[in-house]
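Engineer: Listed below are the residues making up each chain.
There are 2 protein chains.
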Amino acid sequence: MNQKLKLEELNRISVDEYKNADKFPLILILDNVRSLHNVGSLFRTADAFRVDAIYLCGITGTPPHKELNKTALGATESVNWKYFTNTFEAIMEAKKLSYNIYALEQTSNSEMLQYIKPQFPIALVLGNEVNGVEESVLKLCDKIVEIPQFGTKHSFNVSVSAAIVIWHLYLNR
Amino acid sequence: MNQKLKLEELNRISVDEYKNADKFPLILILDNVRSLHNVGSLFRTADAFRVDAIYLCGITGTPPHKELNKTALGATESVNWKYFTNTFEAIMEAKKLSYNIYALEQTSNSEMLQYIKPQFPIALVLGNEVNGVEESVLKLCDKIVEIPQFGTKHSFNVSVSAAIVIWHLYLNR
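Residue numbers (the numbering used here), protein chains in the order written: chain P, 1 to 173; chain W, 1001 to 1173.
Simulated from the structure, these hints should not be mistaken for lab results. Note that this is a predicted model, so its numbers are computed, not measured. Errors might be hidden in some of the hints.
[Said to hold, decoys possible] In the DSSO-like style, the derived pairs of lysine-lysine whose C-alpha atoms are separated by at most 27 Å in a straight line are:
no.	chain 1	residue 1	chain 2	residue 2
1	P	K4	W	K1004
2	P	K143	W	K1066
3	W	K1004	P	K117
4	P	K139	W	K1006
[To be verified] Here are the computed distance ranges between Cβ atoms for each label pair:
no.	chain 1	residue 1	chain 2	residue 2	range
5	P	K66	W	K1096	19 to 29 Å
6	W	L1097	P	N80	41 to 51 Å
7	W	D1142	P	N80	36 to 46 Å
[What the hints assert, rightly or not] Coverage of chain W stretches by chain P, computed from C-beta distances (three or more under 8 Å per stretch; other residues unrestricted):
no.	region
8	1101-1112
9	1152-1166
Even for Gly, the Cβ is constructed at its ideal location relative to N, Cα and C.
Whole structure, please, built from the sequences with the hints as guidance.
Structural biologist: Written as structure tokens, this is what we have:
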């Protein structure tokens, strides 16, 4: 009765259909994300939610790259992406396209995710694994979002936290 | 005005405080998860939400392990865990402790996450990266949960999808 679905039964769209499909009005801006595994994982999540685009900034790796594809598993073919030498330029481009700029960070004024009423379209800035989102970048953001945490560690993995936020935005779209 | 919080300003609890703190009534059951990076990442997320325990089954790696700790970053010290030679035994233990058994999988009868009204306490079964949750294991579950997907790829990364479900359960606790 609870039969696992075969790959063809999942009825996923093709890369061509994806390119023409309506997108979720969300851009992910990767502010110097170091790990290619994280970048690949973010591509895979972005594909599933059909986000508008990923902006890869600074030291963030870009496709094609073997390590990146280990976790992207081909999602670099479907999701739109663009490289910027720095995060400032990526934010300026998103602002020009009328996106509201949110960042995921823990600051003195960050708002807990569960209370966020998203104003689309949104560009979500995700920070470096060690340093988070740059202070100078935070100044350019309309809203800083924080995920509540109750444990001993200081932060979530960036691809994990991004997925939580994207799910929350999807539910409140 | 939006000042990034320093590590000490995050006011995280210590491992000793964690051990004595109230837990979120959720066990993660890892059904033959192959990647140590995924296991470590699940520990880190489990720590943040203070889940009851992680049950590591079959080929799933156990702490201490260098590769696992690359992504767990010490969360194996705080989160309770237990090893089972097979997933069946882990589920029997959780059932004995009165946990409702949910699995994350795409089946003919899976319910979309956004409609799930969770009945706590919950043990959430997470499957192998390639094969998902075993059919024989699915038969033992009270509910099969699916995350909607709109892209070209067939599934989420397991640590990413687990985080989305845990967040949803946390919001609906």
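Engineer: None of the hints should be skipped; say for each whether it holds.
Structural biologist: Structure-based check of each hint:
| no. | hint | in the structure |
| --- | --- | --- |
| 1 | K4(P) to K1004(W) | violated, 45 Å |
| 2 | K143(P) to K1066(W) | violated, 37 Å |
| 3 | K1004(W) to K117(P) | holds, 22 Å |
| 4 | K139(P) to K1006(W) | holds, 17 Å |
| 5 | K66(P) to K1096(W): 19 to 29 Å | violated, 46 Å |
| 6 | L1097(W) to N80(P): 41 to 51 Å | holds, 47 Å |
| 7 | D1142(W) to N80(P): 36 to 46 Å | holds, 40 Å |
| 8 | 1101-1112 | holds (count 6) |
| 9 | 1152-1166 | holds (count 10) |
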